[in-house]
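**Q** Make the full structure from the sequences, and use the hints.
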Amino acid sequence: MSPWLSVVCVLAVAAPATEGEVVLWHAYRAGEAEALELVIDDFRARHPEVKVRVLQVPYGAYPQKLRTAIPQGAGPDLFIAPNDHLRDFIERELVTTARGVPADRFDPRLMSALTLKNESWGYPLAYKTLVLFYRRDMVDAPPRDTDELLATARKLTGDGRYGFVYQASLPYYHAPWLFGFGGKLFEADRLLPFESPAAIASGDFLRRLTFEEKVTPVDISGALATELFNRGRAAMVMNGPWFVSEIAADVPWAVAPLPVVTATGMPARPFVSLDVLYRTARADGSAGAAVLTDALTSDAASLIRARVGRQPVANVAVVHDPVVESDQLLAIQARQLASTEPLPSQPVMQLAWDPYESALRQIQRGARSPEAAFREATARVLVLARPLPKAAPVRFYVLGALLLVVAGLAYALRQAKRAQVLADVRRSGPAYAFIAPAAIGMALLVGVPFVMGVGLGFFEYEGSQVRFVGLGNFASILGTNDYSPFEPMSFYFTMAVTVLWTVSNIALHVGIGFGFALLLQPTWLLGRGVFRVLLILPWAIPNYITALIFKGLFNTQLGAINALLMKVGLPAINWFDHFASAFAANLATNVWLGFPFMMVTILGALQAIPSDLYEAARVDGAGPWRRFTSITLPLVGPALVPSVVLGTIWTFNMFNVVFCVSEGQPEGATDILVTEAYRWAFMRNGRYGYAAAYSLVIFAILLLYSALTKRLLASRVAEAI
Amino acid sequence: MSERPSFLVRLGAYLVLALATLTVMFPVYAVAVMAVSRAPGFSVVLSPDPSLFTLEHLAKFVARHDANGRWLFGRQLANSLVVAGGATALGVLLATTAAYAFSRFRFPGHRLGIASFVVVQMFPATMMIVPLYLLMSALGLLDSVVGLVVVYATTALPFCVWMLKGYFDTIPADLDEAALVDGASRVRIFYQVILPLARPAIAVTALFSFLSAWNEFIMAATFLSHEEKFTLPVTLFRHVGAYGADWGAFAAGSLIVSIPVCLLFFALQRQLVGGLAAGAVK
Chain X
8 MSPWLSVVCV LAVAAPATEG EVVLWHAYRA GEAEALELVI DDFRARHPEV
58 KVRVLQVPYG AYPQKLRTAI PQGAGPDLFI APNDHLRDFI ERELVTTARG
108 VPADRFDPRL MSALTLKNES WGYPLAYKTL VLFYRRDMVD APPRDTDELL
158 ATARKLTGDG RYGFVYQASL PYYHAPWLFG FGGKLFEADR LLPFESPAAI
208 ASGDFLRRLT FEEKVTPVDI SGALATELFN RGRAAMVMNG PWFVSEIAAD
258 VPWAVAPLPV VTATGMPARP FVSLDVLYRT ARADGSAGAA VLTDALTSDA
308 ASLIRARVGR QPVANVAVVH DPVVESDQLL AIQARQLAST EPLPSQPVMQ
358 LAWDPYESAL RQIQRGARSP EAAFREATAR VLVLARPLPK AAPVRFYVLG
408 ALLLVVAGLA YALRQAKRAQ VLADVRRSGP AYAFIAPAAI GMALLVGVPF
458 VMGVGLGFFE YEGSQVRFVG LGNFASILGT NDYSPFEPMS FYFTMAVTVL
508 WTVSNIALHV GIGFGFALLL QPTWLLGRGV FRVLLILPWA IPNYITALIF
558 KGLFNTQLGA INALLMKVGL PAINWFDHFA SAFAANLATN VWLGFPFMMV
608 TILGALQAIP SDLYEAARVD GAGPWRRFTS ITLPLVGPAL VPSVVLGTIW
658 TFNMFNVVFC VSEGQPEGAT DILVTEAYRW AFMRNGRYGY AAAYSLVIFA
708 ILLLYSALTK RLLASRVAEA I
Chain R
11 MSERPSFLVR LGAYLVLALA TLTVMFPVYA VAVMAVSRAP GFSVVLSPDP
61 SLFTLEHLAK FVARHDANGR WLFGRQLANS LVVAGGATAL GVLLATTAAY
111 AFSRFRFPGH RLGIASFVVV QMFPATMMIV PLYLLMSALG LLDSVVGLVV
161 VYATTALPFC VWMLKGYFDT IPADLDEAAL VDGASRVRIF YQVILPLARP
211 AIAVTALFSF LSAWNEFIMA ATFLSHEEKF TLPVTLFRHV GAYGADWGAF
261 AAGSLIVSIP VCLLFFALQR QLVGGLAAGA VK
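In order, the protein sequences belong to chains X and R. Residue 8 is where the first sequence starts when you use this note's numbering, and the numbers rise one by one after that. Residue 11 is where the second sequence starts when you use this note's numbering, and the numbers rise one by one after that.
For the record, the hints were derived by calculation from the structure and aren't laboratory data. What you were told as hints is all true, and nothing was included just to trick you.
Under 10 angstroms between C-beta atoms, here's a sample of chain R residues computed to sit facing chain X:
hint, residue
1, VAL34
2, PHE36
3, ALA111
4, MET138
5, ILE139
6, LYS175
7, LEU217
8, SER268
9, LEU274
Derived coverage of chain X by chain R (criterion: at least 3 residues anywhere in the stretch with Cβ under 8 angstroms from a Cβ of chain R; other residues may be distant):
hint, segment
10, 64–76
11, 228–239
12, 546–554
13, 694–701
14, 706–715
None of these values were measured; they are calculated from a predicted model. Glycine included, each C-beta is placed from N, C-alpha and C at the ideal position.
**A** In structure tokens form, the structure reads like this:
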């Protein structure tokens with residue numbers, strides 16, 4: 008152990024000071040990250056006096072890291088993020104106003120998207136919008152309107168090929184049609200109902216593409232769109248500028264603006280999203296940060312982004328650069344920019360994406376008419392946008408809490424008197440000494456955050472304002488409000504799914520784990536070690552990797568599982584369209600992940616059984632089954648109890664699998680309680696208080712469960728002994 | 011275990027194991043194929059094309075350097091090893107002592123103590139991150155490897171304590187009492203009698219601590235703000251972005267991240283197989 012500790016100490020001491028550095032965070036990757044590195048290298052060469060530290064944060068952790076670190080003063084001076092969280096950033100006071108760079112450097116349309124309350128809140132570095140990519144070997148001329156699009160796509164569909172591919176279930180990709188058909192999302196800052204006639208017309212168009220004419224496949228992810236395009240199985244793809252870096256070198260491709268919607272004569276209008284350079288409070292008064300801001304937004308840096316990262320840039324001066332003008336992608340992006348809608352930054356939009364996506368999925372597979380699907384989505388947003396609980400009388404709650412504490416103390420004192428606890432405590436010095444290190448660590452690092460988390464459940468955030476709401480969050484969770492408890496939106500539905508999820512998982516983990524452990528136990532087995540290592544592998548691989556891989560295996564179009572089904576003559580299944588199959592996909596993933604843990608536990612317990620017990624039983628004439636039920640089971644059982652209890656808790660709270668594999672589909676039905684809590688905390692405008700209350704409810708359920716099992720087990724174990 | 015079943019039974023066992031192993035290995039195989047294929051994506055898995063074979067993804071992952079010419083992969087591998095190793099050492103040390111006390115002593119707070127070790131795990135971990143962040147910030151342990159060691163050791167602790175207590179309970183208390191009669195101290199009994207007997211269980215808990223620390227991503231990504239302090243999973247997720255992912259690189263990284271853990275299990279499974287307890291408990 009000592010070598011470890013010494014290394015730890017060295018690393019702790021070696022932590023460099025951060026004073027005077029300018030810190031920049033971003034979540035770019037691939038070409039965009041390369042371009043940024045070049046800009047930074049150039050800056051370092053020109054400004055050796057400014058120390059810059061750049062951190063590429065993994066996208067999956069980025070928003071949360073920004074929200075946590077910046078209020079603690081541990082955030083960056085500058086950071087690059089998209090504009091859809093702009094208002095959230097402002098309300099949480101994560102960003103300050105943009106100062107020091109002349110605004111006329113940038114395209115005024117883009118700059119205006121960053122202007123709120125008569126102030127600018129960042130600088131646009133680049134913009135992204137959807138355009139039409141097509142294979143020149145399959146499509147002669149890009150379609151000018153949606154009729155042509157359908158006709159061309161129809162001709163090129165068949166034989167495992169699709170005429171027109173895009174991620175049709177994502178609202179971001181449906182927006183061009185919605186706005187092209189004349190639909191609207193907002194009036195002033197108010198979210199409109201989704202089921203307008205124009206929106207229904209756009210839904211009918213989606214239904215035609217995917218369900219009636221089947222020229223557009225369903226269940227498409229970004230990776231699959233790329234793959235279909237590269238393999239000549241997709242003739243046209245609607246995608247953003249990032250798609251370019253994924254197109255294989257041997258594919259003859261070209262790009263065109265999105266077609267005009269024939270029915271209205273208006274061009275399809277995609278969203279335009281911005282890569283924004285934001286300043287935090289740390290940057291105020293920092294000369295280095297000002298110099299870096301200027302350099303990052305300069306025309307020279309912009310040119311590097313355009314040339315190396317092939318990013319459509321926001322600087323006016325760069326638009327007419329010969330290199331940029333001759334780049335087909337950038338030229339088309341600039342043309343498309345003329346008919347775009349700014350990506351909404353209204354907080355309520357964060358609640359709208361998921362229900363809207365559900366509606367699109369239902370339309371795609373023909374399960375509902377566009378009108379019914381959009382109507383339901385509107386209703387769901389209303390449920391999600393439930394009003395924050397009212398402020399509660401603090402005095403009343405403090406009094407209640409005090410009474411509880413007094414009652415608890417009185418009870419403890421009475422117990423203590425009766426049991427002569429003091430004498431026992433004095434006698435138990437060695438026991439406490441053994442426990443102290445673990446107890447102190449747990450109290451500090453688990454106990455304190457736990458108490459903070461529990462406390463948070465009684466508060467609610469509104470921007471950076473916090474207020475006490477007492478039991479309001481709990482009432483809102485447990486009350487069914489105005490929707491049915493048998494709907495996926497309701498707490499009770501999610502809870503039933505969670506219980507089903509936990510029970511089926513544990514049964515399979517223990518069953519399969521026990522089977523393998525018994526198979527791997529006998530000494531006559533050749534290659535025992537090899538089998539053991541191979542069967543443990545699922546446990547060794549991080550579960551988020553497994554989840555992503557399984558998601559790919561279950562894919563409708565290219566997944567290995569559907570390929571196998573088709574090979575044996577069965578029809579392919581849209582795994583995530585139905586509750587049962589989506590649940591099964593989650594279950595398969597988690598069983599794959601979870602059985603090795605039980606297997607190892609059981610193997611460990613089997614090792615501890617003295618072999619002469621078996622020999623004695625054999626001498627007494629007990630058969631294999633008798634030996635299993637009379638020796639193996641009773642002796643493995645006690646060692647398995649903690650694993651099963653803990654396994655239950657973990658499965659109950661198994662976030663990664665559900666969140667990555669089914670993503671709650673269909674319509675949030677496969678979500679479990681912990682993924683719901685996560686959505687409230689991080690995807691629905693950061694309602695931490697509500698999420699904490701949700702977590703507390705989860706905690707209470709598990710507490711009840713463990714109390715019950717303890718009671719049941721106590722009698723069972725007593726019998727066995 | 012001297013009895014050798016009939017040929018048919020053995021053949022059946024081998025067949026079941028072989029089939030199960032193949033099924034279990036399929037996703038692992040999928041990762042491996044994606045890691046060494048030039049064409050990105052999932053369809054290579056079903057029709058691997060030898061002409062697309064490349065070591066580029068693996069090489070790129072390993073060869074990463076930062077602007078100052080420092081070998082980032084090497085540093086991050088070292089960080090991961092230190093963090094996971096440190097968390098394991100600290101976790102096992104704390105867990106064995108606590109579990110021993112819970113198994114062998116009855117004292118005021120005994121039941122409450124055991125219960126609280128389980129109970130704290132019931133609160134969803136995702137909701138603990140923000141409070142933990144504030145705490146680490148207050149302790150000055152943010153953005154440090156030590157902070158992660160401490161956090162990981164304590165998060166794995168409840169499992170380890172429970173696991174070990176369950177195992178210690180199966181070791182007869184007669185052994186302790188005999189040693190006490192012989193004049194041994196509690197510390198000595200713990201160190202010289204119980205620990206050696208519990209080696210299989212300690213191996214399991216060590217493996218568990220190591221795995222959970224080694225694989226953890228979200229806390230590491232939230233707490234650490236210097237790239238040279240990152241652990242490997244954080245680096246791995248560089249390849250998954252807002253607008254798509256580089257699956258070849260991600261698979262290559264996954265493969266590399268998983269290798270040390272597989273080696274560790276291979277080493278530790280001999281401990282598990284040793285069956286030390288079987289001979290000693292009479």
